[in-house]
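Fit chain B to the known structure of chain A by using the hints.
Protein chains: 2
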Amino acid sequence: MQPTTSNSAFNFKTYASDRRVIIEERLEQYLIHNEPQKLWDSMRYSVLSGGKRLRALLCLAAAEAIKPNEDVSNLVLPCACAIEMVHAMSLIHDDLPSMDNDDFRRGKLTNHKVFGEAMALLAGDALLMLANEILIDETPAKVAPSILLSVVKELAIATGAHGMVGGQVEDMNFTGAFDLGHANKEFVDENILSSIHRRKTGALITFSIWSGAKLVGADEKQLIDLKRFGEILGLAFQITDDLLDVTGDINTLGKTPGKDEASQKATWVRLFGIDGSKQRLKELESEGLSILESNGTEIGSAPVLKELIKYAINRVN
Amino acid sequence: MQPTTSNSAFNFKTYASDRRVIIEERLEQYLIHNEPQKLWDSMRYSVLSGGKRLRALLCLAAAEAIKPNEDVSNLVLPCACAIEMVHAMSLIHDDLPSMDNDDFRRGKLTNHKVFGEAMALLAGDALLMLANEILIDETPAKVAPSILLSVVKELAIATGAHGMVGGQVEDMNFTGAFDLGHANKEFVDENILSSIHRRKTGALITFSIWSGAKLVGADEKQLIDLKRFGEILGLAFQITDDLLDVTGDINTLGKTPGKDEASQKATWVRLFGIDGSKQRLKELESEGLSILESNGTEIGSAPVLKELIKYAINRVN
Chain A
403 MQPTTSNSAF NFKTYASDRR VIIEERLEQY LIHNEPQKLW DSMRYSVLSG
453 GKRLRALLCL AAAEAIKPNE DVSNLVLPCA CAIEMVHAMS LIHDDLPSMD
503 NDDFRRGKLT NHKVFGEAMA LLAGDALLML ANEILIDETP AKVAPSILLS
553 VVKELAIATG AHGMVGGQVE DMNFTGAFDL GHANKEFVDE NILSSIHRRK
603 TGALITFSIW SGAKLVGADE KQLIDLKRFG EILGLAFQIT DDLLDVTGDI
653 NTLGKTPGKD EASQKATWVR LFGIDGSKQR LKELESEGLS ILESNGTEIG
703 SAPVLKELIK YAINRVN
Chain B
403 MQPTTSNSAF NFKTYASDRR VIIEERLEQY LIHNEPQKLW DSMRYSVLSG
453 GKRLRALLCL AAAEAIKPNE DVSNLVLPCA CAIEMVHAMS LIHDDLPSMD
503 NDDFRRGKLT NHKVFGEAMA LLAGDALLML ANEILIDETP AKVAPSILLS
553 VVKELAIATG AHGMVGGQVE DMNFTGAFDL GHANKEFVDE NILSSIHRRK
603 TGALITFSIW SGAKLVGADE KQLIDLKRFG EILGLAFQIT DDLLDVTGDI
653 NTLGKTPGKD EASQKATWVR LFGIDGSKQR LKELESEGLS ILESNGTEIG
703 SAPVLKELIK YAINRVN
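If you read the protein sequences in the order shown, they are chains A and B. For what it's worth, my numbering labels the leading residue of the first sequence as 403, then goes sequentially. For what it's worth, my numbering labels the leading residue of the second sequence as 403, then goes sequentially.
Since the hints were made in silico from the structure, they are not lab data. Be aware that one or more of the hints could be misleading.
Same chains, same label: a pair holds when it works inside one copy or across any pair of copies.
Claimed, not checked - Straight-line C-alpha distance at most 20 Å; calculated SDA-like pairs for lysine to any residue:
no., residue 1, residue 2
1, Lys-555, Val-545
2, Lys-440, Arg-600
3, Lys-440, Thr-577
4, Lys-510, Gly-650
5, Lys-515, Pro-499
6, Lys-515, Trp-442
7, Lys-555, Pro-542
8, Lys-440, Asp-573
9, Lys-555, Asp-539
10, Lys-708, Gln-624
11, Lys-515, Met-574
12, Lys-440, His-564
13, Lys-555, Asn-436
14, Lys-544, Lys-555
15, Lys-454, Leu-511
16, Lys-555, Leu-477
On a predicted model such as this, the values are computed, not experimentally measured, just so you know.
In isolation and in its complexed conformation, chain A is listed as follows (with noise of 0.2 Å):
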């Protein structure tokens, strides 16, 4: 594959869809059928049915930025579908009836309307142990047993109770707390709401950035300022979200807006108002490419990072 570049000329549109084109292909490869069926038809269902693939490209971005000579995607692409899996789970179970209850994902109908509530939970629930499988079996052999061991473990924080589990959980707590009696508007404030959202989307976010400059060798300074630039581009990304709940239509989004609003989400439009989550969302941006540029290290030459701190903020859906 045609190593990105720091020439001006980059287009992060093609960028974008050529790395989406192998990601797909891997993906499909590694949920190749299987039996009992009926589970690789419900996985399959949830993981091949699109999406952004954002956490896959900022993997693969990440790689490319800390090698930006060197064609790395092979180092990473396990990584990549590993996370992909493991978000397609976190939808697969937030979708059930027990949880947001929702008919509809990205379009189409959501993994239990099509294959029952006992087949969407097991479906979650292999994916998360597939996605550990991939990982370890399919990342080559030149990555170091011990590298591989620690983003593994990662994988399993930010997925688990001290991450995206856990910010779920933040988030149905405080979900109705406006309107509850126990508690007032007051009682969400931004570092509680900044939590919830460093956990529940943060977290896979900045592993994916992490795990893609982890396994290509990345040093400690690298690494650091990358975690920061993923928990900051988390943010910006769950604002948008946020955002997008408020000013999109169905069409665009794929899927209901103003879900928010009905469900009393504690979210940062009912915080801050839309004009507030906008500033936030330009200092966000300011801070995030301030990393990139001033780290002194090769970061900061591909574009790609920049482009998609960019992409996060001024998507539509």
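Frame of chain A; chain B shown alone:
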């Protein structure tokens, strides 16, 4: 801790209760209260609710069988506890209304009855990830990263679509098959039933034994023998489960007997009757013992695995 020895005075009951104490202590330590509090309460509720700890015992026993003159418990306790977390997760998800819809487990209310469906679902997901984190983070550095990686990978395989979750789906597919128009009694034969059991319960039991041996440096021949022993033990354990559902009573079992019959589940007893099932157990016991006695390695000198297969067959709950 006192190493196991090969003297004939070996007392399995004392052994098992001694080991259970250190397993419970470790689980308590690994599941120390954290936040979000309700999530950890839910995780702790199911993991720390007692139980036989069969899988953790198997992991310890296999390690001790390979290294009978060393105290190897520290090397394998993180893995033993990780297995118990995975097992607890499978019970939480199995009990959910969309699955078996059980109100009681081990004489206590099931997780979702206490914490609600959403929390039970998320506690299961979090336990799966915590198992990986503990296994990687807490296994002593004396275990080579490449060995630890293979253990993490095999846990994913034993737990996911190829193992436990896949077996669960197969089981669902055949439950009620006796009475549905599309199938008849011959439809579920010994091969299908063995396949269900090998995956649904056998895979994690086999992994428990295999991982204990692998982590302390067993050789290939030992690992192959113990894998086969694990498969036999897993099947024996499941057939005993099927028998107890027919012959047991609620007080001894800690759960309602007769559920398999009521749900038209494909079981060994339905296929071969009580006598046929008991006969198969005897065959499995002698096959298991002959593996331990014939392999010419140190496995045969440790009494604990022999006692474990006797226990798996003669237990009353």
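Status of each hint after checking the structure:
Proximity of Lys-555 and Val-545 under a CA criterion of 20 Å is satisfied in both settings, with 15 Å inside one chain copy and 16 Å between copies. In the homo-oligomer, the alpha carbons of Lys-440 and Arg-600 lie at most 20 Å apart only across protomers (19 Å), although the nearest pairing inside one protomer, at 35 Å, exceeds that limit. In this assembly of identical chains, the alpha carbons of Lys-440 and Thr-577 lie at most 20 Å apart only when taken from different copies (15 Å versus 34 Å within one copy). With identical chains, the CA atoms of Lys-510 and Gly-650 are at most 20 Å apart within one copy only, with a shortest distance of 18 Å there and 47 Å across copies.
When the C-alpha separation of Lys-515 and Pro-499 is checked against a cutoff of 20 Å, the pair qualifies both within a copy, at 10 Å, and between copies, at 16 Å. In the homo-oligomer, the alpha carbons of Lys-515 and Trp-442 lie at most 20 Å apart inside one protomer (16 Å), although the nearest pairing across protomers, at 30 Å, exceeds that limit. For the identical chains of this complex, Lys-555 and Pro-542 are neighbours both inside a copy (18 Å) and across copies (15 Å), given an alpha-carbon limit of 20 Å. Taking CA atoms no more than 20 Å apart as the test, Lys-440 paired with Asp-573 passes between copies only; the shortest distance there is 12 Å, against 32 Å inside one copy.
In this assembly of identical chains, Lys-555 and Asp-539 lie within 20 Å of each other by CA distance both inside one copy and across copies; the values are 15 Å within and 7 Å between. When the C-alpha separation of Lys-708 and Gln-624 is checked against a cutoff of 20 Å, the pair qualifies only within one copy, where the shortest distance is 15 Å, while the shortest distance between copies is 53 Å. In the homo-oligomer, the alpha carbons of Lys-515 and Met-574 lie at most 20 Å apart only across protomers (18 Å), although the nearest pairing inside one protomer, at 22 Å, exceeds that limit. In this homomeric assembly, Lys-440 and His-564 come within 20 Å of each other (Cα to Cα) only across copies, at 13 Å, whereas the closest approach inside a single copy is 32 Å.
For the identical chains of this complex, Lys-555 and Asn-436 are inter-copy neighbours only, at 19 Å across copies versus 27 Å inside a copy, given an alpha-carbon limit of 20 Å. Taking the shortest alpha-carbon separations for Lys-544 and Lys-555, both the intra-copy value of 19 Å and the inter-copy value of 18 Å come in at or below 20 Å. Taking the closest pair of Cα atoms, Lys-454 and Leu-511 come within 20 Å of each other only inside a single copy of the chain (18 Å); across copies the shortest separation is 42 Å, beyond that limit. In this assembly of identical chains, Lys-555 and Leu-477 lie within 20 Å of each other by CA distance both inside one copy and across copies; the values are 18 Å within and 18 Å between.
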